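Just so we're aligned: the sequence shown equals residues 1 to 165 in the UniProt record's numbering.
Warning: the hint list may mix true and false statements.
Stated by the list, open to error - Okay, derived cross-link-like pairs now, DSS-like style, lysine-lysine, Cα gap no bigger than 27 Å in a straight line: (1) Lys60 <-> Lys43; (2) Lys56 <-> Lys43; (3) Lys101 <-> Lys56; (4) Lys101 <-> Lys74; (5) Lys28 <-> Lys74; (6) Lys56 <-> Lys74; (7) Lys60 <-> Lys28; (8) Lys101 <-> Lys60; (9) Lys74 <-> Lys60; (10) Lys101 <-> Lys43.
Quick caveat, the hints were computed from the structure, so don't treat them as lab data.
Keep in mind it's a predicted model, so treat the numbers as computed, not measured.
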Amino acid sequence: MEVVERMKGKRIIKPIVYGNTATPFGYKRESDQHTHQWTVFLKMFYDEDPTDFIRKVQFKLHDSYAVNTRVCEKPPYEVTETGWGEFEVQMRIYFVDVNEKPVTVFHYLRLFQPIVNLPNGTTQVIAEHYDEIVSANTFFVDGHLSCFLYSTNHLFQWTEGVQIW
1 MEVVERMKGK
11 RIIKPIVYGN
21 TATPFGYKRE
31 SDQHTHQWTV
41 FLKMFYDEDP
51 TDFIRKVQFK
61 LHDSYAVNTR
71 VCEKPPYEVT
81 ETGWGEFEVQ
91 MRIYFVDVNE
101 KPVTVFHYLR
111 LFQPIVNLPN
121 GTTQVIAEHY
131 DEIVSANTFF
141 VDGHLSCFLY
151 STNHLFQWTE
161 GVQIW
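Could you build the full structure based on these sequences and the hints that come with them?
Encoded structure:
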């Protein structure tokens with residue numbers, strides 16, 4: 001039998017970053033008119049191992065992609081493709097505890113701005129967003145965080161009884 005340790009009066013916050021990078025080809029590809037290579041991603045803000053609580057991340061791309069639903073069952077949670085236009089990507093986060101409902105975030109895939117100058121002298125579009133997965137009824141099963149219920153869209157939430165992992 002699993003031992004469940006409840007932490008009443010405390011919330012756990014898991015900071016995440018999601019977004020995309022994009023690099024122009026410098027030309028329009030003849031075969032499909034694509035102009036950029038891009039990567040859409042979801043990762044932990046503190047570069048920690050997410051596999052204790054994230055089971056998989058599902059990416060829903062634009063309907064024009066032949067296979068527009070992609071699933072990453074282990075990190076890195078990312079999809080790399082080519083294209084010519086910007087669109088909204090749906091990212092659904094599934095948790096190790098299958099009793100918890102998935103959390104969905106949306107990201108508008110950017111190809112043209114914001115342009116970032118990289119240290120090696122090249123440029124790249126980088127569009128990232130900070131978010132938090134917040135537990136409402138935090139408990140641990142065998143030492144692993146088990147309950148994440150929703151995502152917020154604001155910066156750090158410093159309140160009494162909050163523990164940031």
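Evaluation of the provided hints:
1. Lys60 <-> Lys43: holds (17 Å)
2. Lys56 <-> Lys43: holds (12 Å)
3. Lys101 <-> Lys56: holds (13 Å)
4. Lys101 <-> Lys74: Holds, because 19 Å separates the two Cα atoms, which is no more than 27 Å.
5. Lys28 <-> Lys74: violated (33 Å)
6. Lys56 <-> Lys74: holds (6 Å)
7. Lys60 <-> Lys28: holds (25 Å)
8. Lys101 <-> Lys60: Given that 27 Å is the threshold and the Cα spacing comes to 17 Å, the pair holds.
9. Lys74 <-> Lys60: holds (17 Å)
10. Lys101 <-> Lys43: Since the Cα atoms of Lys101 and Lys43 sit roughly 19 Å apart, the hinted pair holds (cutoff 27 Å).
The structure fails hint 5 only (numbered hints given earlier).
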